[in-house]
Structures are given as structure tokens and as C-alpha cells.
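Peer 1: Okay, here's what each chain looks like letter by letter:
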Amino acid sequence: MSRLSVFGLLGLVIRRDLLLAMRRRADVLTTLIFFVMVVSLFPLGVGPEPDMLRKMAGGVLWVAALLASMLSLPRMFSADHIDGTLEQMMLAPQSLTMMVLGKIVAHWMLSGLPLVLIAPVLGLQFDMPADAIGVLMLALLLGTPVLSMIGAVGAALTLGLRGGGVLVSLLVLPLTIPVLIFGAGAVEAVSGGMDAASNLSLLGAFLLFALVFSPFVAAQALRISME
Amino acid sequence: MQASPKLEVIDLACERGDHRLFSGLSFTLSGGELMQVQGENGKGKTTLLRALCGFVQPVAGAVHWCGRNVEEWDEDFHAQTCYLGHLNAIKDELSALENLLLTAGLSGVQLGEKAALDALRRMGLRRKEHLPVRVLSQGQRRRVALSRLLVVDAALWILDEPLTALDVGAVDLMQELIGEHLSNGGMTIFTTHQPLHVAGIETRELLLS
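Going down the list, the protein sequences come from chains A and B. In terms of this note's numbering, the first sequence opens at residue 1 and continues consecutively. In terms of this note's numbering, the second sequence opens at residue 1 and continues consecutively.
Just chain B, with the same shape it has in the complex:
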């Protein structure tokens, strides 16, 4: 992890189809900061997060990580981010444990079985580790997907609606996890329609309109 990671968004503009979603968007996010992207449906929240990941090519502007354009960082930038989108990226046929080991492996993290089990148990999936994911509920699948955050050592968490399908207990757990991540010098940018409060941290808000 970098000593003082910093994400700068400079004059960013994105389109979908011919429709301009937002333009002239600038902000800076430093270690220990939490930012919530707000806006009505269709205002480009997901597009913004996807542009940060590099899935969407912005029409104008740039994203800088620690002072350098992310296009120059390329894979090294990806090593420091963890993105969780609407899709869980887990396989129905595999167990929660297999899923976590494989997704961690694909992210370049070689993970021991014990560390993976610990992460799943922390996410409240005790005794569900070896069940095929297809028999789990939506909320439990989301927990499997979120457990990736615990095992990947990334400074920047990009979370698109992380609380979807989660129960009250899991939302509290997420707040706790984000709090820990921030106190370790990490940063998080997320979208949600539910309130999310992390103790001792003031959530910065970014309104897309």
C-alpha cells in the first residue's frame, strides 16, 4: 500500500449513448476519506465508478492516482483497487470457499484456505463455507462477494450499491469494515440509497445532477 494514496478526478465528463451524464467533475480523495456518490437514478453514479475503474472511457478529463494518470499506472493501479459492482462475480456451481479462493487468485492474491475461511466467517457465513452458492440467499451471496474486500489488500475500495440485499446486521458489519479500512489509511468511494454511517468519519458527499 502506498504511504499516502490519493485519487484525483480532474474535470471528468462521461456520456452514455449521446446523452451527457456529467461534465466538469473534479474532486480529490485522500487516505482515510469516505465519499458517497449521490444522485437520482440514471444520473451516472455507476458510470462514474466504472470510469474510475477504466471500464468506461471518459469523454474529457482524467483520473490520477498518486499524481499519475491511471492509464500510465495500468495494472499497478488495479492492484490497489477493489471494485464491487452490481454483479457479484461469483459462480453458482462453486462453494463460497471455492469462489473466494478463485476470485482472490484472479486478483493476483494467493490465499490460504484458513485466511479464506476466516474472511467468510467474519462476513457471517459460518457453516455455509462449503455449500454451493446456488443454495444461498441473495444477501448471503452478496456477503460472499463482499468477503473479497477482506482478503485483497487494496487501498481504494470502489463499491457500487454494496448494501443491496444485506440485512441490518450485515450493514453494521460493512460500516465496521469500512471504518477499519479507512483507519488503515485506505479510502472508499461508494453509492448507496441506504444511509451508511461510519463511526468517527465524516462522509463526503458528491451529488450528481
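Next comes chain A alone, as it looks inside the complex:
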């Protein structure tokens, strides 16, 4: 018997969450289908004017991604909380922060990454030019992990509360506004013939900032919620 390294632990938590998700695929599909449906509703609502659709595509896709990523947040820790696994994780002689990071990464792979991959198809639906679609994917790739990280803190704070599911969205959505502004801004900049580098750099900065702080803060929030 030997102790796991930090990365071994990270890999174990990610593998475990992905394995569990594969055993109940419906959860993963709901996020993706919700995203596709919300995005597809806009042309029906505002009319099929190609110019207008092209113009609002970036914003619509980003808002839909934001809402879709809220869907799976309440489940991030609650299943482990209910069956007692979270207790065992806290008692483990290893860093809870790293385990939380593992759960965040797994959550992103299941709820954020599918959105990034399906976004080009939806972009075509809005007649977005190819370079704008490229930037949209890049922006989502940088931005959706931030949503999972901020969301983890909210999910940890509302753990075990009645109506925690809605509460976590109310708590987290305002905090994700910067990601929305610069994510949609990047797409808009490219569509307007400008460079998206500044917007993407800021998204990258958010990502690094969240990566450093959110697992630790979420772990502390979990400890508070468990008392």
C-alpha cells in the first residue's frame, strides 16, 4: 500500500466522477440539450433576419452557455453529500482542495466541454463567419472553466440548504457577468473587424485567478457546510 501523489489523487477524483457520469448519462445530456434548445429558441422569437442573427449570435450563445452551466451546479457536491462520500473525502489524509479541483475539472469536462464542442454547429445556425466561430470556441474554452470554478464555490456554500438549487444560480450568475461581458465581447470584436486578443487575455486572466483561488475557497465552504 502506498500513498497517492497529488496528481494521482486529482486523476482519481476525475476518473471517478467521469465513471459515475457514464453510469447516468441523462445528467450530461440535459445540460447539452438545454443549451441547444435555448439557442435555437432565439431565431424563432426574434425572427429570421440574417443580419440581426449574425449580430446577436455571440451574446445569445454566451447567455445560453451561462444558463446551461447553472443546471448541473446543484449536483456538483450534493450526491456525494447525501451518500456520505463527502464526509470520507474530508477525513482523507489528503488535500481537500485538490479533491475539489478534481471535481471542478470533471464537472467542466461534463458540462462545459460539450458546450464548447457543439457551439460551432449552433454558430452556423446564426450564420456566423468562420473566424468569429473560431474565437467563440476559444472564448468558451477559456470561459466555461471559470463558470465551473465560481459555480463550485456557490454549490459548496448552498450544500444541504432547502431550495439550494435555485439559490446557487442566484448567487453565482451575478459573479459570472465579467466572463459574459468579455466572452461575448471577444466574438463581437472579431465580427466588427477588430482584434479579440484583449478580451481573450482577460478571460485567460480570469481563468488563472479562479484556478488559484476557487478550489481552496470551495473546500473551505464545504467544511462550513458540513458542520
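These are computed hints drawn from the structure, not numbers from a lab. Glycine included, each C-beta is placed from N, C-alpha and C at the ideal position. Check before you lean on any hint, since a few could be wrong.
What the hints assert, rightly or not - These stretches of chain B come out as covered by chain A in the derived footprint (C-beta under 8 Å, 3 or more residues):
id, segment
1, 76-82
2, 94-102
Stated by the list, open to error - List of simulated lysine to any residue pairs, SDA-like, C-alpha gap at most 25 Å:
id, chain 1, residue 1, chain 2, residue 2
3, B, K43, B, D76
4, B, K114, A, K55
5, B, K114, A, M194
6, B, K114, A, G11
7, B, K6, B, D18
8, B, K128, A, M90
9, B, K114, A, R23
10, B, K43, B, D18
11, B, K114, A, P93
12, B, K114, A, L18
13, B, K6, B, K128
14, A, K55, A, M194
15, B, K43, A, E227
16, B, K6, B, C66
17, B, K128, A, S5
18, B, K128, A, L19
19, B, K114, A, S5
20, B, K6, A, M90
21, B, K128, A, L18
22, B, K43, A, G160
23, B, K128, A, P93
24, B, K128, A, L20
We have chain A already, so just place chain B on it with the hints.
Peer 2: Positioned in the frame of chain A, the structure of chain B alone reads:
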């Protein structure tokens, strides 16, 4: 495992809500000793065990492990304890084997498949190792959870109602396992409403009232 592990509870007091559950609680548990926490429902048995694990912050007093406060030990203390609560901490979607490998992994123990299978078979789960836990009975799930005790090398077992849903054979097995653990220098603190007798060991009783 420490040469002579010792758990000291010093003047411990715990509350739930505004209600004082117990106060001035002191005892020492050394290697090879077995302690049963007794008391009516709601007297704080589970709270005491959770306070030992660090889930519940005591209002007063401290818990020492080998002469040092457990807050200073932090993760090193957790490496030497194994807690089994009311909740089994197993996943319905996974098989018994997957569950054991994962919970052991999360506890920091890298476990071979053979060792895990041996532990499950010892717990009487032969031919159930690869079934999803959701098709197992309550007692069998409890056995899956208890099999963790066999693979984690912890000096202190903290067991909250370990015998829930277990049949007579499994209760005998638990007594045997605790006996082995104690003779290896380990210690166990547990709550139960069923009688539990370990051969050759006198059970110390702690009454919360």
C-alpha cells in the same frame, strides 16, 4: 501505525443548536482498548464521534492524539483514523469492487484489485463483487462499507452504529475483525444498541446522559 497510539479527550463539551449535549467529558483510550458509547437517542453519541473526527467543533475542551491536539495533526491524524458513519459512502451505480477501490483511493490508499477482492470476500460478498451496489440489500451494502476497515491501515476505528442492518453472521464477523484490530494494537470507539462482545477484551463503557 504509531508504536503506542493514545486518544485523549479532555473536558469536551458539545452543543447542537442551543442545546448542550454533554460537557466535561474526559477519557483516555489506548491501543488494544474497545470503548462503547452508550446513551439514549439524542444524547450526543453521534455528535461525540463526529467531534472526534473534526466535523463538529466542540464548544470547549480538546481531543489529543498521542499527546498533541488533533488540530495540529490535521491530515496526519486522519491518516490514522477510519470513520464509518450512518451513511455508507458508497455509490449505487458502481460495483462493490469499484466502490472499495475508489473509497480506499480517496483515503489515500492505493489498493490492488486482488487485495480489494480478498477484503470483500472476507466480508461475505463472494460472487457479489462485480454487481452494482444498487441491487444489493441494505445489509450487503453495509458490508461493502465495512470492508473499508480491512484495507485502510488505521489505528483508530470510529464506528457509528456499525451493526445496522447486519445479520447474525456479519455481527460475529465484525466482533472477530474488531478483536483482530485490537490485538494488533489498534483501538475502537463505537456506538451500538445491539450487544457486541469481543472475545478476551473487556468493553469499556461510556454513558452519555
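Peer 1: Now tell me if each hint is right for this structure.
Peer 2: Consistency of the hints with the structure:
no., hint, result
1, 76-82, "holds (count 4)"
2, 94-102, "holds (count 3)"
3, B/K43 x B/D76, "30 Å, violated"
4, B/K114 x A/K55, "60 Å, violated"
5, B/K114 x A/M194, "61 Å, violated"
6, B/K114 x A/G11, "21 Å, holds"
7, B/K6 x B/D18, "31 Å, violated"
8, B/K128 x A/M90, "29 Å, violated"
9, B/K114 x A/R23, "24 Å, holds"
10, B/K43 x B/D18, "14 Å, holds"
11, B/K114 x A/P93, "23 Å, holds"
12, B/K114 x A/L18, "24 Å, holds"
13, B/K6 x B/K128, "37 Å, violated"
14, A/K55 x A/M194, "14 Å, holds"
15, B/K43 x A/E227, "18 Å, holds"
16, B/K6 x B/C66, "5 Å, holds"
17, B/K128 x A/S5, "31 Å, violated"
18, B/K128 x A/L19, "20 Å, holds"
19, B/K114 x A/S5, "22 Å, holds"
20, B/K6 x A/M90, "22 Å, holds"
21, B/K128 x A/L18, "23 Å, holds"
22, B/K43 x A/G160, "24 Å, holds"
23, B/K128 x A/P93, "29 Å, violated"
24, B/K128 x A/L20, "19 Å, holds"
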